[in-house]
Amino acid sequence: MEHWLPLVAMAPLAAAALAPALGRGRPALAWGLGVIAAAWSLLAAVLLTRRLVLEGPFSYAMGGWPAPYGIELRFDALSAATVFVALIYLLVLVYSRRYAEAAIPAHRRSWYYSLLMVNLGGLVGFVCAGDLFNLFVFMELASVSSYALVAAGGGRVAALAALKYLLAGAVSSVLILFSIGVLHALTGSLNIADVAARLAATGAGAPAALALGGLTAGFMVKAALFPLHLWLPDAHASAPSPVSAILSGLVVNIGIIGWLRILPIFSGLETMALGMVYEALAWLGAVAIIAGALAALFQQDIKLMLAYSTVSNIGYIVLGLGLAHPVAATGATVHVLNHALIKSTLFLAAGALIHQTGYRTLHDLRGAGRVMPWTCLALSIGVLAVVGLPPTAGFLGKWYIALGALEAGRPVFAVALLAGALLIFFYYVRILNAFYFRAPAQERMLSVREAPLSMLLPVLLLAALCVLGGLFGRWPIDLLAPLVRQLPGGG
Amino acid sequence: MPSGLQNLDYAAFVVLFCIGLYMVLARSNLVKKLLGLNIMETAVFAFIVTSGMVDDGTAPILGNGVAGPFASPLPHALILTGIVVAVSITALALALIVEIHRQCGTIEADELKGAE
Amino acid sequence: MALAIAAAAVPMLAGVMALPRPGDPAAPVHARVAAHVVAHGAEETGAENLVTAVLLAYRGYDTFGEVTVMFAALAAVMTVLAPRPRERSPEPADGVAISPVVVFVIRLLAPFIAAFAVLVVLRGNVSPGGGFQGGVMLGALLVLLSVVTGRGNERPLLEPRLASWLQAAGPLTFTLVALLGFATAGAVLALPADPAWARGAMLLALELGIGVGTAAIILGLFLQMRGW
Amino acid sequence: MEVADFRVVLAPALSLLCAVLVFLLGRHDAWRALFTLAAAVTKLLVILSLLPGSLAGTVYSYEVIDFPPGIGIAFRADALGMFFALVSSTLWVLTTVYAIGYMRDRHQRARFFGFFALCVCTTVGIAFAANLLTLLLFYELLTVCTYPLLVHDETPAALRAGRKYLAYTLSGGALILLGTVLVQHLAGTLSFAFPGVLSRQSGDAMLLLTFVALVAGFGVKAAIMPLHGWLPTAMVAPTPVSALLHAVAVVKAGVFGLLRVVYNIFGVDLLGELGYAPWLAAVASFTILAASIVALAQVNLKRRLAWSTISQLSYIVLGAALLTPLAALAAIVHIANQAFAKITMFFVAGAIERTTGRTELRELAGLGRVMPWTMAAFTIAALSFIGVPLFAGFVTKWYLSLGALQAGAWWFVVLMLASALLNAAYWLPVVYLAWFRPPRGLPAQVREAGLLLLVPTLVSAAYVLLLGTTTRTPGMPFSLAEAAVRFVTGM
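Chains as they are written, first to last, in the numbering used here: chain A, 1 to 491; chain B, 1 to 116; chain C, 1 to 228; chain D, 1 to 491.
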């Protein structure tokens, strides 16, 4: 059964290679190939997760070479995120069929779908990688395709945002590669478990601290943590909506999941360096929450607003991790998964609105609630989820992180977290106000029809998942429990 | 701990890395930023390859009669992949710069900042 | 700005200085994986060039990712820049006219360059070289020929339909070899030990796949800029 | 003893179902009226069927979902919860009849009645909440459901009032979340227990922070003086909404939350030790006096009603803060007295507005002759507020004074007298104006209010009388209050 593990990542990549060749004249064929690849990944991910739940984490030696020599793929609690990745991808691909017809010129569409599949393969491979350099390669796969996807929609702002994103991403990748080089020079092998064991044995000081610093900085740029987030808003706002959903929901989590993946390596490090990193992350996370929420207050463009709320939500996750407390870590890891669901709902719904009406600012989108009731319903559910009202998925993360903050004896973070939640709600009230309680400002709004079914169904399904993810939050939490235990400070 | 002086070539790579970083951050011409990025990448590749070196070792290719300590093949393989990744990013960056030039007429970041 | 970077450089210098001296045989770099590869690499993978052994056998998955990254670069450039089929500019780009001397010399040297490139690709297992290096040479040669013979304008060297298949050669060969390895040796991307020639053949197939793929991608990038 | 019973969930679920039906099929009035009325009546019957059991002391509970693992959304209908649910469901029946009459020719009726039903579903959810988290869940949902009702007219004034309402209530919600996290951290459990969940050894600083967070959080909706700003401006909503908000749902939820905090989270004896209660009593008394004085100065009938509500609510807060069983009885009973009296006055205000279009107090001259029945109900309610014996208001003041004496604080009795005088000062002139002055400038054809408006007014006035007189007969709300007090304070 575990032979499926490498195929989960290879299938989409192979499909990506085939897409332009097959879809030469007919982009629909490339789209079909994409949907099949995403469905295959989802099926494989579900089977692998079932095996994970039954028999615990397992790994797979690629090419039959034993662990330190060959590449080892590791499927543990963290890589259970593949289910979320594949599911969201499947829905986004179904959604983007009608969207791409309008947004992407015909002759580039088969390349666009090929890039989407490369991105999917990169993400899935990244999440299951158990080897440092393999982690880097798949991170690059996902990143290169994300840079180009931002610019896929064409337009001046998109190209500029894509280049800024590329420069930030490339610098962080180089930093990560440098740290991997340092770790390789220190221990001689690249397998994460092996490096961790040998680092604990040799107990090197300064180089290991340098590697930790480099990796943390690199991953935090990828995750757009507060001071390093300047590239995110333009990139996520100017990208085509299905791509923004993938960027904000999934690609941003690369930084977090990557950091969690390499953390056990440094558990042997003496506590001073590790403690300092945690403290810095906790404070940066808290600041990110407030700054992201504040910045979003002054935005008019709905997608910019959502992009800044991503910065704020990443702040939650990093704060949860920075507290180095099992309860807060549970909250952070669960919020990674829930945030992916919520943010893709919001971006897809906003995309449907922009696709149908052509307007992007709140002022022009007034009265959308009457004209496109179902899309606005999904968006409202997403809004309630991102604010973290109890029954929805967003609440779980905030609840556990706040609780963890208190149990770790840092009430000031709990207060910062709740203040952030309050701020987030204010700029979402502006959205709800504009949709439901304002007369349309543009007369064209009255003639707008509801989004087509192929765009509406994925959005509604994701909205339902947001609520269900909240109500049945127990499963992801139990799934992530073993991961949280081995995090430092794990009770 | 080995004495400070003999890791001089590592120090050189670090300096090269910082020069590249400075170019990326400080220069306003987009192509120069890209050059800075390439310099950073070269510095890291050189660092990783040098870490695999062994005193008077030969290339890790087993022919008949070739003996003596072999340099470690692993870093060389890593760097090959690294170079391909660097090439891909540079190709995409150049494509984007061409697109920006076609759309905005200039590739100076300062002027572009206003144009957004 | 310079101060900030200098501040960042100091910890890097400190960390790097504390690393084991490059070149001393006792360093951990050579102890673990490298020692095993040097000792058993040849007979386990059947390739004398250990770097190729690591690249295609031990860490074959990385190389698969890497080939896909290159393909992704092509896809990315196409998504950003590919012009509309109708408006492809038939008139030649306003480059300098190519003097007949250059044209003659290039046409004379072309076969030798091609031969050398093929040699590098095929001899990847036993001597320095391999799929990527050979592929790049082949690609460069094809670009040179397109420029020189002016074939780039009215009709591309490679029909678009065939080009897109060749460009996908890299990842596709890897997938096929992976499945083949799975069927015969029981693990994805494994190299079957029993028929000695089978392992060599699979390595060769991989080298060829990468070579052709790389060449097609480079030519594709060039042609695309010219509007095909 | 604890009995697992599905009816506890059925009550809120009923109005949720009704809301969904109204949203879906609400187009034609007949159907919609039928749904809301049927749901209202069946809900009342379900709760009444629970009454005999809870009088005998049985507690019905039902665990719905184990939502955040270990806490879960659970319902538990103890005597206090039953009392509040009974009051709110009877009033919902009356308000529904009234709203059908009042909203006949208004726009967006489907949306109005949908959110109307949602409001009461959340109110009953609050009443039956088994732990602080479920209370918080329904508390936040109540805010979200009442907002559309408040801004129903979509005029700029309504939107400003809505924004102010959200600003207050959301900050309250965030404070309660902070309090909930603190309680979970200090006590390890959130479910309401007698006598109270917290204990002394968890340090006074944290306890103080929890008390302030929870009291301020609930205080926003209980309109305690510094936090009452939203209530007068929320008068801009249509009258049935003001009736529902200011007599039944929103404010009572706030006060009910306070009672839960005082009796079931902190517990009477712990609060006695900690010494926070006198501060709460002081704030409450200040609110009673200040709100009454401001009410004197009001010109508009509905704004005077709003200020009178603020003052009346603080009676309940004062009753809770005195920590003696009799004062607790007064607090609980006053929930019903104030609800029925206030709703009568709102019905009267709405009826006058519908028939004569007048809202200013001066213009009410001589209405007694023209609309005798409506003004009769108004007089009964006014007398009840003043605290004339045989009316509901008197019962509260009587037991509140006894409670104060029991607590040895005689100056509260003086406060009771002063507030009675103030009430008289701002209600009696209106009654006098209505009955004994000739009508000025009334159009000839003004007749009594429509039957749909008049009947609920008279029924609620009758209830006020009923509550005032039948304190001893079993089966009446008063005996349920006594059962609640026995349960809450172990008299």
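In case anyone wonders, no lab produced these hints; they're calculated from the structure.
It cannot be assumed that every hint is accurate.
What the hints assert, rightly or not - Take a look, some chain A residues computed to stay more than 10 Å from chain B by CB distance:
hint	residue
1	LEU7
2	ARG26
3	GLU140
4	TYR147
5	ARG156
6	LEU160
7	PHE178
8	HIS184
9	ALA196
10	MET276
11	ALA295
12	PRO411
13	PHE426
To be verified - If you anchor each label on the Cβ, the simulated ranges turn out as follows:
hint	chain 1	residue 1	chain 2	residue 2	range
14	B	ASP55	C	MET1	20 to 28 Å
15	A	HIS363	D	GLU273	55 to 63 Å
16	A	ARG444	D	HIS107	18 to 26 Å
17	B	GLY105	A	LEU468	34 to 42 Å
18	D	THR189	C	ALA8	47 to 55 Å
19	A	ALA464	C	ALA205	43 to 51 Å
20	A	ALA464	D	ARG362	51 to 59 Å
21	B	LEU35	A	ALA67	13 to 21 Å
Since we're looking at a predicted model, the values are computed, not measured.
Just so it is clear, CB atoms sit at the ideal spot from N, CA and C, and this is done for glycine as well.
Verification of the hints:
| no. | hint | in the structure |
| --- | --- | --- |
| 1 | LEU7 | holds, 21 Å |
| 2 | ARG26 | holds, 25 Å |
| 3 | GLU140 | violated, 5 Å |
| 4 | TYR147 | violated, 6 Å |
| 5 | ARG156 | violated, 4 Å |
| 6 | LEU160 | violated, 6 Å |
| 7 | PHE178 | violated, 5 Å |
| 8 | HIS184 | violated, 7 Å |
| 9 | ALA196 | holds, 18 Å |
| 10 | MET276 | holds, 21 Å |
| 11 | ALA295 | holds, 16 Å |
| 12 | PRO411 | holds, 38 Å |
| 13 | PHE426 | holds, 26 Å |
| 14 | ASP55(B) <-> MET1(C): 20 to 28 Å | violated, 40 Å |
| 15 | HIS363(A) <-> GLU273(D): 55 to 63 Å | holds, 56 Å |
| 16 | ARG444(A) <-> HIS107(D): 18 to 26 Å | holds, 22 Å |
| 17 | GLY105(B) <-> LEU468(A): 34 to 42 Å | violated, 50 Å |
| 18 | THR189(D) <-> ALA8(C): 47 to 55 Å | holds, 49 Å |
| 19 | ALA464(A) <-> ALA205(C): 43 to 51 Å | holds, 48 Å |
| 20 | ALA464(A) <-> ARG362(D): 51 to 59 Å | holds, 55 Å |
| 21 | LEU35(B) <-> ALA67(A): 13 to 21 Å | violated, 40 Å |
Of the hints listed earlier, those the structure fails to meet are numbers 3, 4, 5, 6, 7, 8, 14, 17, 21, in rising order.
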